[in-house]
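Asks: Given these sequences and hints, build the entire structure.
Quick note, the sequences are listed as chains A and B, same order. To convert, count from 1 in the first sequence and add 7; that's the numbering used here. To convert, count from 1 in the second sequence and add 205; that's the numbering used here.
No lab work stands behind these hints: they were computed from the structure. Fair warning: there could be bad hints in the mix.
[Said to hold, decoys possible] So these bits of chain A aren't anywhere near chain B, every CB distance computed over 12 Å:
{"#": "1", "residue": "S9"}
{"#": "2", "residue": "P15"}
{"#": "3", "residue": "L53"}
{"#": "4", "residue": "R62"}
{"#": "5", "residue": "N84"}
{"#": "6", "residue": "S93"}
[What the hints assert, rightly or not] Chain B is faced by these chain A residues, among others (derived, beta-carbon under 7 Å):
{"#": "7", "residue": "G49"}
{"#": "8", "residue": "L50"}
{"#": "9", "residue": "F52"}
{"#": "10", "residue": "A63"}
{"#": "11", "residue": "G65"}
{"#": "12", "residue": "Q74"}
{"#": "13", "residue": "F97"}
{"#": "14", "residue": "F111"}
{"#": "15", "residue": "G112"}
{"#": "16", "residue": "E113"}
{"#": "17", "residue": "G114"}
[To be verified] Think about it this way: if two alpha-carbon atoms lie no more than 25 Å apart in a straight line, the pair counts; the simulated DMTMM-like pairs of lysine to aspartate or glutamate are:
{"#": "18", "chain 1": "B", "residue 1": "K264", "chain 2": "B", "residue 2": "E210"}
{"#": "19", "chain 1": "A", "residue 1": "K64", "chain 2": "A", "residue 2": "D36"}
{"#": "20", "chain 1": "A", "residue 1": "K16", "chain 2": "A", "residue 2": "D47"}
{"#": "21", "chain 1": "B", "residue 1": "K208", "chain 2": "A", "residue 2": "E82"}
{"#": "22", "chain 1": "B", "residue 1": "K276", "chain 2": "B", "residue 2": "E259"}
{"#": "23", "chain 1": "A", "residue 1": "K64", "chain 2": "B", "residue 2": "E210"}
{"#": "24", "chain 1": "B", "residue 1": "K264", "chain 2": "B", "residue 2": "D244"}
{"#": "25", "chain 1": "A", "residue 1": "K64", "chain 2": "A", "residue 2": "E82"}
{"#": "26", "chain 1": "B", "residue 1": "K268", "chain 2": "B", "residue 2": "E220"}
{"#": "27", "chain 1": "A", "residue 1": "K64", "chain 2": "A", "residue 2": "D47"}
{"#": "28", "chain 1": "A", "residue 1": "K16", "chain 2": "A", "residue 2": "E69"}
{"#": "29", "chain 1": "B", "residue 1": "K264", "chain 2": "A", "residue 2": "D8"}
{"#": "30", "chain 1": "A", "residue 1": "K16", "chain 2": "B", "residue 2": "D244"}
{"#": "31", "chain 1": "B", "residue 1": "K222", "chain 2": "B", "residue 2": "E210"}
{"#": "32", "chain 1": "B", "residue 1": "K208", "chain 2": "A", "residue 2": "D47"}
{"#": "33", "chain 1": "B", "residue 1": "K222", "chain 2": "B", "residue 2": "D289"}
{"#": "34", "chain 1": "A", "residue 1": "K16", "chain 2": "A", "residue 2": "D78"}
{"#": "35", "chain 1": "B", "residue 1": "K268", "chain 2": "A", "residue 2": "D8"}
Glycine included, every Cβ here is placed at the ideal spot set by N, Cα and C.
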Amino acid sequence: DSGVTQTPKHLITATGQRVTLRCSPRSGDLSVYWYQQSLDQGLQFLIQYYNGEERAKGNILERFSAQQFPDLHSELNLSSLELGDSALYFCASSVATEGNTIYFGEGSWLTVV
Amino acid sequence: SQKIEQNSEALNIQEGKTATLTCNYTNYSPAYLQWYRQDPGRGPVFLLLIRENEKEKRKERLKVTFDTTLKQSLFHITASQPADSATYLCALVGAGNMLTFGGGTRLMVKP
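Replies: Given below as structure tokens:
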């Protein structure tokens, strides 16, 4: 158990809908990262937050957004969902922003039908 | 553009042998490199971090080398066991301090 908690574990939704994925980082970790993993794309970095502020942005679509709250939990919002958004979404956390181990949650499986 | 390449073909080896996985990168000057293990449907798990000024790092049966001239890291598992079967990912810090992963190499250790 990495200490990073993600909910929901599984989610099935229809195209055009909006979903929110939730992440609680390890106790004491200030950085939260979101990654998307699909079969053909591997593990793709989406976005990073550090202590409530956006720190780095990767290949995150405009239909996706994220935030980190004062209690350090984070949410990833996915809207206008398309079939191609079906993937495993991982949250990870670390103490700081670089040179540290990052700890991954077990992921949220999103299936868009 | 920045690229991290790992052998996408699965590596099949016999139990007890040493498994060697390769990570090559281009257009990076990483301060450090990390290796992770990922089991199907699970989150990646951190294994080892090696810094640019370190040539080699060991942890139990694992050994990582880092050659910044060749732009390559090698990951070795000695005395491999079926339980070592998983996908192994290397990761580098890229632009904006974001950790970027290679595509991973699947290792199958046969008894």
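Asks: Now tell me, hint by hint, if it's right for this structure.
Replies: Do the hints match the structure? See the list:
1. S9: violated (7 Å)
2. P15: Correct as stated: the minimum Cβ-Cβ distance to chain B is 15 Å, above 12 Å.
3. L53: Not fine: 9 Å to the nearest Cβ puts A/L53 too close to chain B.
4. R62: Check fails; 7 Å does not lie beyond 12 Å.
5. N84: holds (20 Å)
6. S93: holds (14 Å)
7. G49: holds (4 Å)
8. L50: Holds - the Cβ of A/L50 comes within 7 Å of chain B, reaching about 4 Å at its closest.
9. F52: holds (5 Å)
10. A63: holds (4 Å)
11. G65: For A/G65, the interface hint holds, since the closest Cβ of chain B sits about 6 Å away, which is under 7 Å.
12. Q74: violated (18 Å)
13. F97: At 5 Å from the nearest chain B Cβ, A/F97 passes the 7 Å test, so the hint holds.
14. F111: Interface hint status for A/F111: holds (3 Å vs cutoff 7 Å).
15. G112: holds (6 Å)
16. E113: Interface hint status for A/E113: holds (5 Å vs cutoff 7 Å).
17. G114: A/G114 check passes; min Cβ-Cβ to chain B is 6 Å, inside 7 Å.
18. B/K264 - B/E210: holds (23 Å)
19. A/K64 - A/D36: Roughly 19 Å between the alpha carbons, so the hint for A/K64 and A/D36 holds.
20. A/K16 - A/D47: holds (21 Å)
21. B/K208 - A/E82: Measuring from Cα to Cα gives roughly 29 Å; hence the hint is violated.
22. B/K276 - B/E259: Within the cut-off at roughly 13 Å; holds.
23. A/K64 - B/E210: holds (22 Å)
24. B/K264 - B/D244: holds (20 Å)
25. A/K64 - A/E82: Measuring from Cα to Cα gives roughly 15 Å; hence the hint holds.
26. B/K268 - B/E220: Holds - the C-alpha atoms of B/E220 and B/K268 are around 17 Å apart, at most 25 Å.
27. A/K64 - A/D47: With a Cα-Cα distance of about 21 Å, the restraint between A/K64 and A/D47 holds, given a limit of 25 Å.
28. A/K16 - A/E69: holds (24 Å)
29. B/K264 - A/D8: holds (20 Å)
30. A/K16 - B/D244: Distance of about 16 Å is within 25 Å: holds.
31. B/K222 - B/E210: Since the Cα atoms of B/K222 and B/E210 sit roughly 24 Å apart, the hinted pair holds (cutoff 25 Å).
32. B/K208 - A/D47: Given pair B/K208, A/D47 holds - Cα atoms ~16 Å apart, limit 25 Å.
33. B/K222 - B/D289: OK: B/K222 and B/D289 at ~12 Å, within 25 Å.
34. A/K16 - A/D78: Answer holds: A/K16 to A/D78 is near 21 Å, not above 25 Å.
35. B/K268 - A/D8: Between B/K268 and A/D8 the Cα gap is close to 24 Å, so the pair holds against 25 Å.
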